[in-house]
Amino acid sequence: MSKVWHYGDDINTDMLFPGKYTYSCSTAEQILPHLLEDLDPGFATGVRPGDFLLAGKNFGCGSSREQPALGLKAAGVEAVVAKSYARIFYRAAVNQGLLLIESPEAVEAYKEGDEVRLDATAGTITVGGQSFSFPSLPEAILAIRNAGGLLPYARAKLRVRV
Amino acid sequence: MGKTFAEKILARKSGRDALRPGEIVTVRPDRLLSHDNTAAIVAKIAVDLVEFGPARKDMHVVVLDHVVPAATEKDAENHKAIRRYVQRYGVEHFFDVGTGVCHQVMVEKGLALPGDLIVGSDSHTCMYGALGAFATGIDRTEAAALILTGETWLKVPESIRIDLSGGLSPGVTAKDLILSLIGRLGADGANYQCVEFHGAAELSIDERLTVANMGIEMGAKAAAFEVDARTVEYLDSIGVRRDGYEPVWADSDAEYSRRMDFDLSTLGPVVAKPHTVDNVVSVEEVEGTPIDQCVLGTCTNGRASDFELAASILKGKQIASGTRLLLLPASREVLRRAIASGAIDALLAAGGTLLPTGCGPCLGAHQGVLAAGERCLSTSNRNFRGRMGCAKAEIFLASPATVAASAIHGRISDPRKEIK
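Taken in sequence, the protein lines are chains A and B. Residues 13 to 174 in the working numbering are what the first sequence spells out, letter by letter. Residues 92 to 511 in the working numbering are what the second sequence spells out, letter by letter.
Note that these hints are calculated values from the structure, not bench results. Fair warning: this is a prediction, and the values are worked out from it, not measured in the lab. Watch out, some of these pointers could steer you wrong.
Stated by the list, open to error - Straight-line C-alpha distance at most 25 Å; calculated DSS-like pairs for lysine-lysine: (1) B:Lys-408 x B:Lys-246; (2) A:Lys-85 x A:Lys-95; (3) A:Lys-169 x B:Lys-246; (4) B:Lys-246 x A:Lys-85; (5) B:Lys-200 x B:Lys-408; (6) B:Lys-99 x B:Lys-246; (7) B:Lys-246 x A:Lys-95; (8) B:Lys-135 x A:Lys-169; (9) B:Lys-508 x B:Lys-364; (10) A:Lys-169 x B:Lys-148; (11) A:Lys-15 x A:Lys-85; (12) B:Lys-135 x B:Lys-148; (13) B:Lys-99 x B:Lys-135; (14) A:Lys-123 x A:Lys-95; (15) A:Lys-85 x B:Lys-135; (16) A:Lys-169 x A:Lys-85; (17) A:Lys-15 x A:Lys-123; (18) B:Lys-148 x B:Lys-200; (19) B:Lys-171 x B:Lys-148; (20) B:Lys-200 x A:Lys-169; (21) B:Lys-104 x B:Lys-171.
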């Protein structure tokens, strides 16, 4: 069963990835050991591919640093489910191909120990037996995610132009 | 139906007639800003740059400011890689170590103009709204793609209209205004939205810069002020030609998601307590809290007028023993002005320590990192846990007047008591 990492409101980017490392850690290998360091010291060693991260409102607020999104994607986090997201983090996640689900209901429904399952095609997230649907992304954004992130998307566009 | 500032500027930049909130448009930004993160950005596209080259040489502005001068060999290598990129690809706007904090440099060098669309891989890019630009933060990967393609997508935001009235009382500053607003709206109160400030004629350009800088602390995509006589006077003073920009402003009948009236004369000094910026209380509530380190400066409050205000309070006095006062000018230009006015001398005589212009302790990389259990009172824009390098330290945010008054006593103090 995939693990659910559950946190509160206003989780900022300093808690997700401390600012003191932003100019020395840019790659996934460098980022992973410090991921969520000041929020949950057990996360970096405990997270496994397929895990979920649940949080309250305004997840990812603060700095524009992309290491949180890049790190969570590299750690194999299946999706972040939050009540709402700060906008720069939201863009960063799209650009990394990390799935963000905005569902206050799903977060409210979660109780410690509940299993979380995702059906991305159907657009539903199941929390402890209760199912919640989430809307599909606008086409312009979906195209970036489907390309595997913004850089593969931009390269494909440039190749067409040449 | 009238249009908001955001609707108008994004329509102009996307070549569309009219836009509604929620629409996604492709835009070609006038400027892309990056700083010490430039090396990490261009490393993502090293091969693509060789193949395609940058889309435009005049778009990218690079400012070294975050860890300057280099604190470690790694930082030095990072700066070196950035200089190599700048030279190799002919980046037209490059500012090396010591010019200033990127946001202040953008403003001073006339690279953020009314009617411009600016994106930057730094969250406080929203500061240029003070001059009537639509400016917003992006991540590194997006900056990398922009270097290659020169374009990106933006969702047309809804807007919040704030109507200011009255004037600030002595000892109360624009920092108290924006902290009070963030306290009222909450850290996500303006998420995804553009915040328009109306009725701001009384606020100086420096004060508007402080307010717009912190728009992101309530989640705003952008913050904006109307271009008026003060804006034009400022742009004249830095040598920007009047035909070099085209201001945009909201129609009087534009539609807003929310409207708020804000009477400046009702405001008093406030402090944001750890560990969120919206944890705002009146200075009286925290008066007497012992402080180990005071930070005066940063891109939020590091302009000459900020140092002059602090100097007017600290002149002829000494900071309390056991308290340190760090001075962090937002740019070399600011420092020269604050030296010429005598403000820096007064602050040094009072016991201040002058740091090189740059981001310094604000992001916890060097020059004023805190120890466990220490408490810092700062004019910067974030008090997140760990922000100044130590997760067991506490950061309080306040105005330059409050920081200056508190430095005298080594405790959080009401600046109104220090003003004659």
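Under the constraints set out in the numbered hints, which ones does this structure not fulfil? 1, 5, 13, 20 and 21
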